[in-house]
Structure formats: structure tokens, C-alpha cells
Amino acid sequence: MSTTVPTRAAARRRRVRLPGGVALVLLLAFVFLSVAGPWIWGDAAGATNVVDANQAASAKHWLGTDDLGRDLFARTLVATRSSLVLAVLATVVGGVVGVALGLLSGASNRLGKVLGAVINLLMAFPALLLSIFFAVLFGIGSVGSVLAVGASFAPGFARITQTLTASAISRDYVEASRVLGKGPVTVVLRHVLPNIAEPVILYTTIHIGTAILALSGLSFLGLGVQPPSYDWGRLLSDGLTRVYITPTAALGPAVAIVLAGLTFNMAGEHLSDLVGGRRSAPRQVDAAPAPADGPGATGTETSSRGAHAEGLADQAFGSSTAPAARPLLEVRGLRVVYPGPDGGTVTPVRDVSFSVAPGETVGIVGESGSGKSMATSAVAQLVEAPGSVHAETLRFDDVDLTRRTKDDERVLGRSMAMIFQDPGEALNPAIKVGTHLVEPAVVHLHEDKPLARRRALDALRAVAVNDPERRFGQHQHELSGGTKQRVCIAIGLMGEPRLLVADEPTTALDVTVQRQILRLVAEVRDETGASVLFISHDIAVVSEISDRILVMYAGFVVEEASTEELLARPAHPYTGLLLAASPDMAADRSRPLPMLDGRMPGPGVDLPGCYFADRCPRAEQDCRDQRPPLLQIGAPGHRAACWHPLTADDPVEAPALVEERAAS
Amino acid sequence: MTPALSVSDLTVRYGSVTAVRSVSFDLRAGSVLGLVGESGSGKSTTARAVVGLAPFTGTVRVGERDASSPRSRDAREARRRVQMVFQDSRSSLDPRFTVGQCVAEGLPAGERRDQGRRVRELLELVSLDPALVRNRPGQLSGGQRQRVAIARALAARPEVLVADEVTASLDVSVQAVVLNLLRRLRAELGLSMLFISHNLAVVRYMCDDVAVMFNGRVVEQGGVDDILARAQHPYTRALLAAVPEVGQRRLLSDAAIEASTAASPAPGPGCDYRLRCPVGPAVDPGRAICTTDDPGPGAPERVHAAVCHFASTRQGTDALAGSGELR
Numbered sequence: 001m002s003t004t005v006p007t008r009a010a011a012r013r014r015r016v017r018l019p020g021g022v023a024l025v026l027l028l029a030f031v032f033l034s035v036a037g038p039w040i041w042g043d044a045a046g047a048t049n050v051v052d053a054n055q056a057a058s059a060k061h062w063l064g065t066d067d068l069g070r071d072l073f074a075r076t077l078v079a080t081r082s083s084l085v086l087a088v089l090a091t092v093v094g095g096v097v098g099v100a101l102g103l104l105s106g107a108s109n110r111l112g113k114v115l116g117a118v119i120n121l122l123m124a125f126p127a128l129l130l131s132i133f134f135a136v137l138f139g140i141g142s143v144g145s146v147l148a149v150g151a152s153f154a155p156g157f158a159r160i161t162q163t164l165t166a167s168a169i170s171r172d173y174v175e176a177s178r179v180l181g182k183g184p185v186t187v188v189l190r191h192v193l194p195n196i197a198e199p200v201i202l203y204t205t206i207h208i209g210t211a212i213l214a215l216s217g218l219s220f221l222g223l224g225v226q227p228p229s230y231d232w233g234r235l236l237s238d239g240l241t242r243v244y245i246t247p248t249a250a251l252g253p254a255v256a257i258v259l260a261g262l263t264f265n266m267a268g269e270h271l272s273d274l275v276g277g278r279r280s281a282p283r284q285v286d287a288a289p290a291p292a293d294g295p296g297a298t299g300t301e302t303s304s305r306g307a308h309a310e311g312l313a314d315q316a317f318g319s320s321t322a323p324a325a326r327p328l329l330e331v332r333g334l335r336v337v338y339p340g341p342d343g344g345t346v347t348p349v350r351d352v353s354f355s356v357a358p359g360e361t362v363g364i365v366g367e368s369g370s371g372k373s374m375a376t377s378a379v380a381q382l383v384e385a386p387g388s389v390h391a392e393t394l395r396f397d398d399v400d401l402t403r404r405t406k407d408d409e410r411v412l413g414r415s416m417a418m419i420f421q422d423p424g425e426a427l428n429p430a431i432k433v434g435t436h437l438v439e440p441a442v443v444h445l446h447e448d449k450p451l452a453r454r455r456a457l458d459a460l461r462a463v464a465v466n467d468p469e470r471r472f473g474q475h476q477h478e479l480s481g482g483t484k485q486r487v488c489i490a491i492g493l494m495g496e497p498r499l500l501v502a503d504e505p506t507t508a509l510d511v512t513v514q515r516q517i518l519r520l521v522a523e524v525r526d527e528t529g530a531s532v533l534f535i536s537h538d539i540a541v542v543s544e545i546s547d548r549i550l551v552m553y554a555g556f557v558v559e560e561a562s563t564e565e566l567l568a569r570p571a572h573p574y575t576g577l578l579l580a581a582s583p584d585m586a587a588d589r590s591r592p593l594p595m596l597d598g599r600m601p602g603p604g605v606d607l608p609g610c611y612f613a614d615r616c617p618r619a620e621q622d623c624r625d626q627r628p629p630l631l632q633i634g635a636p637g638h639r640a641a642c643w644h645p646l647t648a649d650d651p652v653e654a655p656a657l658v659e660e661r662a663a664s
Numbered sequence: 001m002t003p004a005l006s007v008s009d010l011t012v013r014y015g016s017v018t019a020v021r022s023v024s025f026d027l028r029a030g031s032v033l034g035l036v037g038e039s040g041s042g043k044s045t046t047a048r049a050v051v052g053l054a055p056f057t058g059t060v061r062v063g064e065r066d067a068s069s070p071r072s073r074d075a076r077e078a079r080r081r082v083q084m085v086f087q088d089s090r091s092s093l094d095p096r097f098t099v100g101q102c103v104a105e106g107l108p109a110g111e112r113r114d115q116g117r118r119v120r121e122l123l124e125l126v127s128l129d130p131a132l133v134r135n136r137p138g139q140l141s142g143g144q145r146q147r148v149a150i151a152r153a154l155a156a157r158p159e160v161l162v163a164d165e166v167t168a169s170l171d172v173s174v175q176a177v178v179l180n181l182l183r184r185l186r187a188e189l190g191l192s193m194l195f196i197s198h199n200l201a202v203v204r205y206m207c208d209d210v211a212v213m214f215n216g217r218v219v220e221q222g223g224v225d226d227i228l229a230r231a232q233h234p235y236t237r238a239l240l241a242a243v244p245e246v247g248q249r250r251l252l253s254d255a256a257i258e259a260s261t262a263a264s265p266a267p268g269p270g271c272d273y274r275l276r277c278p279v280g281p282a283v284d285p286g287r288a289i290c291t292t293d294d295p296g297p298g299a300p301e302r303v304h305a306a307v308c309h310f311a312s313t314r315q316g317t318d319a320l321a322g323s324g325e326l327r
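Sequence lines, in order, name chains A and B.
Start counting the first sequence at 1; every next residue gets the next number (the UniProt record's numbering).
Start counting the second sequence at 1; every next residue gets the next number (the UniProt record's numbering).
Just so you know, the hints here were simulated from the structure itself, not pulled from any lab data.
Here a beta-carbon is modelled for each residue, glycine too, at the ideal position from N, C-alpha and C.
Nothing false has been slipped in among the hints.
Between beta-carbon pairs, the in silico distance windows are: (1) A:V443 x B:L53: 41 to 51 Å; (2) A:R470 x B:P269: 20 to 30 Å; (3) A:R589 x B:G190: 10 to 20 Å.
Okay, derived cross-link-like pairs now, DMTMM-like style, lysine to aspartate or glutamate, Cα gap no bigger than 25 Å in a straight line: (4) A:K182 x B:E111; (5) A:K60 x A:D43; (6) A:K182 x B:D88.
Throw the hints in and build the complete structure from the sequences for me.
Take a look at the structure:
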């Protein structure tokens, strides 16, 4: 039975929000009111009746009457049209002016600087202040206030457009278009505008709500709509003088303003959700059914295979470099499950079993999506909720990682060291290099500072960082990529590393630096006697340093053997392809490379058979029906999961040679 | 025969930084020239300057045409004949366009009328199913996307294709598809290619000639086999020694290991590479000239035009090995 490993609990945050239907209903109501309101209630709103003047709310007049005896409820409903129309106009004015300015300043280098400065200057003033200023400038009245609110919106629109444009225009597809000879106007219209439209439209919708508030504010101050015309702000302004006698006179328009503002804001947010959802939708590539079984349901399947692996494991260790020793790391039946879209689950790691002996270097090789990094993260206890880790056995030294305690975590922190692909991400940019090294020693090992500092400088020297005293006081951005990676290794050396987990540690580096780091990892291994788990997509790099290699595909280990055995006699067709597809310095240039089209099944796909079958030139029906278990093939310790493994007679590249336009 | 692309004295400056310094090379018609070097060596900037995406001084000639002055008609015509394929096909295709629209964007104005047929032809040419025209780039695999990008570049009927790390972001199984395709296109269409890569094994497989760049300069150039067999510049040798090879276990050996891990080139006069040079003044005090004199000026006299004081001079090896002449 597999055990679920506790992952780091992360509180699920959710915004409290009304269902989208509420916003839609309110929006339709407002649209209806602004279209039909003046026809239905126009007469009632205009009918003066001095006798009924200044009445409080009653059954006849729900919100009371104004000083000419006009019904305030009818007037509030009728005012919907002018309020909304003015708000939309103001937003459109602001949007058009702002987007035009933003496009200009984002797309043009020279003009951009000047315009950007002007936009920044205007952004520094509160919008309401700007709109009051512009209202005085453009003149009092409807037109003036629309222009004023529009003008006060323009800097915001310009800013967002400028930012979006600047990022869109540096994309490769814009550059490709320029190389094809397209002019700047064509580029902006074809590539920039459509790609920034969504956020700009959302920004616009949300701003209609703000415009209603701003225009009402101006009318309230007497700068906006002038009598006899009226909008909600005007009504509010009139009603407020009598708020202590007949509060409903002010309350009606106030509620209308708040409701309208809320409605447009909500509509904007839901629109943004819809748009976001639509964009993420195509990511779920295949419509294959999610696995119906929960983590527990697979127990029988995995445990039977686990028992099988157990028997073979003994054989494996019989041939491995450190025969008698109990493995330092033991992983059996490892699965990593994440909640998927539509309530299903995705399984980036489906079934992984391996072990690492003390002092041994094990390489894991696989392409993107093979689950190699995720499996390693599970070993290093770095899988965060909502992901969950399941395993029959997950043991490091004496620590059962499926049931770890606080003390165990301290042990792990000291004896497991991680190196990542991007050392810049692993180092906190705000903290000095020295602090990264010293702090864990002081906090976890309770060392005093001078000692920790001395050890840190030693560690930096050990990883051949030049001028360690100076590096000690520097920040990560002052270091080159290679030096950053050295610092990360030095951090690991501050504990008592027994396992060095290196996840694509050289992928982002130049070949000369890659070579330095590989040598350093080998040196650290030889000096400390630590085991190394080395992950890479490049089988050549892995084979340079590893004693044993695991090949992963679609969340499974598909082959495992000592490095020499794997390179000499690959059994899984996928391994054969990996070895043959990448040209080396002796590749025959007169022949095309063996290749493989199509793609690896995603983590949401559930297949009964071999996951490589669809791309495999040797696949037959049984491969699709039944999944091949990882079984011993040939030499002890050489295992492969394949019904039709390559034999010594098969040339390595032959099985992978497929036609150029393979199925995809 | 006129070279398909001739670059001389190309210099690119960004503010006070000189990214490319006085680079010259010829791309023979119908051949593939590899540009190799570390990140920051200026190989991509050179490519961007050639296609007009980076401002430069110096001369770029495409066939008979001068592409140096940005606004002349001759230059615009020349530019159209040089097309580029980018490293990351995810970002080089507009996600809102369909595959058909992406490819059609490359068609010259005269061929718009026949757009549908041409797009289908181009997709066939890059071994993609024409039924994909209505798909969006996001629905394709990395290898398929890169083939769409190649089809778009080919739509403009270029004579020179600039391929900037086109397989760097692809998995190895898919890399082979793109490399095979480029080799086939070169043979079928007689394309000339400027092929930028940090992977020397890929460059060896793809290229006829190679130019090695360090710190914005071409430090050695010549026929690919000649460079691999008789590298003159210690930097080229260090690069070659660092190529990982399946089962060779060479990287942990001491051959051509560099003298230091200094990331930035040496300041001041002398050779830029002297701090790292495994045979230079850092290990051999007798090589003081490397700290005082720029090895650049004597380069044309040396084998592979190597920018190194201690590279063999031309007559020497010509007499000895009769090695292939460069350019």
C-alpha cells in the first residue's frame, strides 16, 4: 500500500465573489433602464406639482419629491441614461486618447521617453483632482465634464498601453515581422494591438464604473450636468441639502451610483476571468479521461510491481559499485499527483523506483515532461500543495520521508544539498552571498558567527570561487552564472552533505562553464564521499559523470543500467533514440539523423499500455494493451520496461528511423 | 563567385558597450557557415545586425546588393533576401494567428492572390500536414512550431537563412527533425545559411565553414573539419574539449582546461582571452606579449585568421600540410 507523504500545506486562498449571473442581471437591468427609462418614466419625472413639493417617501412617491414636486424615483430611473451614456463617453474619450498615446510611447524609442515622462507626471496627481482641473479648463457642463473625466483617465490608459506595448513589441514574432519587411504601422496593427486588446478592454470596462462615480462627483460639485438636465450626481447634490428632513431624496441616487459602479466593476472582473479561462483552456492538450482511481486504488497495482522490483533490486545491488552497503536513498512506487483542470488529476510522476548507494552517482535523463525534475523534487521534499506525493518506500538514510518529523527536516537540511538549473533563482537577490552561507549554520547548527564565517570562506575556496573575501560581501547579481552555481554548491557544503541533488545544474551554462561545474561536482563527491543524483536532458552530459543512469519517459523509469552497459547495449527503443538522435563529434554527416516526431503523453493522459507506444517504431498491439513492467534484461542491474527491447543485433539508430512527417 | 552574404568590419554598439567588434566573414553561396561561441560572445548580435534588427557600422552585402544603409531601396530588397528563424518558436509565432496566417505573413506582396496554394506548398515543403493551417501555434509541438517558423521565413523566397539557436529549446528527439529539415532545404533550394549555435557537435553536423567568436570578435575561422582538426586559437581548443560526448568521459580530464574561471574578458591592452588561456601568460610567463599587444592586427597572416600571437602563420602550414585555404 502506498503512503501519502505530507506536502507543505499552503492555505487555499479564494476571493469572495458573487456569481457571474448577478453582475449580468444587474448589467442588463441598467442597459434596459437607460434605453427604456426615459420613455416609461419620462413624463412622471418631468411633471411638476408644487403642492407635492419636498415630500418624504410615501406609497405614491417611493423616494419622495423634489422642490418642484417631481417624483424622485422616476427621476432617478430616467437619469440612468444620461449617467451611463456620459460615463461610457468619458471612458471612450480617455481610452482612445490614452491608448493612442500609450502605443506611440511604447512603440517609439525617442518619442517614448518624452511621452513616458508626461504620463508619469500626470499619474502623480489624483484622478479626481485632475478631472476637476480639466472640468474648469474645458468649461462647466456635460461636454466639459465628459472631456474632463476622459482626460483624467487618459494617463492611466496610456500607462497600461505603454507597458503592454513595450513588452509586446520586443517579442520575437514582432521582430520576425520586421525582418519580413513590415513597416511599424503594420506591425502595431497586426501584432501589437490584438495582443494587448484583452487587458485594455478589461481596463475599460472597469473604468466605466469609475467614470460613473467621477461624473457624479463633478455634477455633485456643480461642475457637471447643468439644470434642467440632470444625472445621478445632480440629483444627489439636490437631495443632500435636505438629507436630514427627507433622506430618501439623496439615498436613491446614491444607491444607484454605488450599484452601477459595482456592476461595471464586477462585470469587468468576470470578463477578465472568462478571458483568462479561455486562454488557459487550450493548455490541456488531450481530452483523455482523467484516472478514476484515487491514490489508494492503485495500491494493488503498484505493490505487486513493487514486490517485483524488490526481487530485482537485490540483483541490481549485486553488480553495483557499492555492493554490501544499504542504499542511502531508496525510492519505490513514487507517484506525484496534482489536481488537474475540471476536477480530475494529473500525474507528472507515475511510477518511479530507484536507489542510490553511498558514494554513487546516479544520473536521471529524460526530455521535458518526463517527470525527472518532479521526481527529484519529491525526493527533496520540495513538492508543494496542492501536489501530493505517494510512495511505498521513500527513505533517505534512516529517515522515512513518508513520515518525517521536525527533527528529520533538520537532518535533511544538513545532509541533502540541492543545486538547481537557475542558480540566480536559488539565491535571494536581497541577501549577500555570505549570509546565504553563514545563516543556516548559525540557525540550524548553532554555530557561532566567526566560526561559521571561517567555514563559509573555506567552502567558497573549496568550490574555487576566486577572491572569496570579496564575493562574501557581494549580491548574486554581481556574480556570473558559473560563480552563482559554485556558491550554491558551497552552500550545500556548509552542512554535511551525504546526497547532492543536481537538477539540470549546467543546462543554462556555456560548455566551458558546464565542464567546470561537472568537474567541481565530481571533486565534491570524491572529497566528501557524498552520493550524487544528477538530472539532465542531455544523455552525453549525464554519461560523463554517472555510474548508473535512469531513463525517464512520461513519468516512468523506462530503463536503468550502469553507464557503460546502457551506452553499449540500450534495450528500450527510446534510449536507443536518445543516444542516436543527437549528433556527436563523430556523426556521419552524409546521413540524416534518426528522429522521432510527435510528443510525449501529458501528465493528464491515462493509458493502459506503454506510454511510448505511439511514437515507437517497434510498437505492436500488445504494447498498447498492456504496460510493460521494468524487468531485468541482459546484464544484472540492467532493467527496461519494454515488450520488444532492442537486441545486440539491432543497430542503435534503426528502430528510431521514421518518416519525416510522422504522426503528431 | 560572389558570396551569398558578405560582412566586413561589422561593429555593433549599445551605448558604451561594444557587443560586436569589427567582424568580417563571407558566406559562400549554397554553403552553411556556423557561428559558435559562448553566451555574450556576440554571435546572436551579429545575426541580428545582418537581418537589420540591430544598428551597426560596417558593410553587409547580400549577393551584389549593399544592405548597409537602412533606408535605400537596394537595402530593403537585400533585406528581404535574408530571413531569420528564431530560437524560441513559442514566442516567434503570434499566438493569435493561425498557422496559415503565420506563414502567409512571409509571402511577398505579389503572391498574396495565390495565398492558399502557396501556404500549402510551404507547409508541404517543411513536412507539415497542410491540414494544420487552421491550428494555432499553441496547439502544435515544439518541432512543428519551429517548422512553421521556417516555412514563414521561406515564404519570402530568401537566398540566405539565418538560424539563431533554432534547436536550443527543443528536446533532442525533435532537434533531429529540424536539423534534417534544414539540411534537406539547403540541398533542395540551394539556400545559404548562417547557423548560430553553442553546440559544436551540431555545428559540425550542419556546417561547411565555422567562425568562432569570443568577446564580440571572430577569433578563428575556416573550414569546419580543418578547424576541428587543427584549431589554432586556444579558446577554440577549450571549446572543443568541453563538448560532452556520450561515453567518452572527457570532461573530467585535464585536456585544454582553462587557466581561470574569469567570466569577463581581460581588460586593457593585449589579448582578451589571456586570463583564461590554458597556454597563455597565466601559466607561461614567457608569453608576455599577450598582455601588451593586441593579437588582432596580425590575424590575416595566420592560419584560420586566428586572433592569437602564437597561431601558426600561413606559409608555415601551407608548406607543411597543404591545409585547405580559408574563405
